[in-house]
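These are the residues of each chain, in order.
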Amino acid sequence: EPEVTQTPSHQVTQMGQEVILRCVPISNHLYFYWYRQILGQKVEFLVSFYNNEISEKSEIFDDQFSVERPDGSNFTLKIRSTKLEDSAMYFCASSEVPRGTNTGELFFGEGSRLTVL
Amino acid sequence: LAKTTQPISMDSYEGQEVNITCSHNNIATNDYITWYQQFPSQGPRFIIQGYKTKVTNEVASLFIPADRKSSTLSLPRVSLSDTAVYYCLVERNTGFQKLVFGTGTRLLVSP
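Those sequence lines, one after another, are chains A and B.
The opening residue of the first sequence carries number 1 in this note's numbering; numbering runs sequentially from there.
The opening residue of the second sequence carries number 118 in this note's numbering; numbering runs sequentially from there.
There's no promise every hint is true.
Straight-line C-alpha distance at most 16 Å; calculated EDC-like pairs for lysine to aspartate or glutamate [as the list claims (entries may be wrong)]:
(1) A:Lys78 to A:Glu68
(2) A:Lys57 to A:Glu68
(3) A:Lys78 to A:Glu53
(4) B:Lys215 to A:Glu105
(5) A:Lys78 to A:Asp63
(6) B:Lys120 to B:Asp148
(7) B:Lys215 to A:Glu56
(8) B:Lys169 to B:Asp199
(9) A:Lys83 to A:Glu18
(10) A:Lys83 to A:Asp62
(11) B:Lys120 to A:Glu44
(12) B:Lys186 to B:Glu131
(13) B:Lys215 to A:Glu44
(14) B:Lys215 to A:Glu59
(15) B:Lys215 to A:Glu18
Taking beta-carbon pairs under 8 Å as the criterion, some of the chain B residues facing chain A (in silico) [claimed, not checked]:
(16) Thr189
(17) Pro193
(18) Lys215
(19) Phe218
It should be emphasised that the hints constitute simulated quantities derived from the structure, not laboratory data.
All values derive from a computational prediction rather than experimental measurement.
Glycine included, each C-beta is placed from N, C-alpha and C at the ideal position.
Bound conformation, chain A alone (with noise of 0.2 Å):
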C-alpha cells in the first residue's frame, strides 16, 4: 500500500536553529499538507500547498515556516529560528484530490517529532 514518509522520525535541536522535515507524498497525489500535534493536544493544520503553491495557512504558520516541493517527490517545511514551542509532532499529509470532494482520504504520514531545547 503506497504512504506517505517522512524524515527524520525524531529531531532534538536548539531554540534559535533552523529545522528541515522532510515529506515525501504518495506519487500520483497533487496536494500536499502539514499538521502538527502539541504532545497531549489536538491535530493542527499548518498549511497546504497544491501547484507548487500555498492554498491556505492557519496562523500557526507564520513568517518563521516556509514550504518547499523542490524536486516534485519531496515537500519540506522549513522552521527558520525554532523556539521552544515548536516542539511537536509534524505530520506531513497528501490526497489525491482536493479535500472538498466525496471521495475520502487523507493520507498522512508517521511523524516528525521535533524536540526543541
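With chain A's structure known, arrange chain B on it following the hints.
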C-alpha cells in the same frame, strides 16, 4: 464548518461492539462526515466517510440519521489493537478545505 461533539473517552472489552456517537448540529448541506483513527505517536488514519444513511467498509460502519445532526461510528468486535483516539470531522464539499480535528474519543479496549 459545523462544530463536532463526541465523548472524551470510552471503555470496552475485546469482542464487543463499540458505538461512538458524534453530534454536529450545525451541519450544512454540503458537508460530509468523516472519521479518523489515531494511535499514539502515529498520524491519523482515515476510517470511513459518509453523507447520509449507512456506510460500511471492512473496518467499520457509519450510521447517519435523516437529519444528519449526529453520526455513529460502529466498530464490530473490537480487539486490543483498536485502542486509539477516534476523531469525528465534518468536511465541506466545496473547494480546498482543511481538516479540523477536535479532541476525539479515546477508546480503551481491555482483555
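Exercise for the section: If any of the earlier hints don't hold here, list their numbers in rising order. Expected result: 8, 12, 15, 16 and 17
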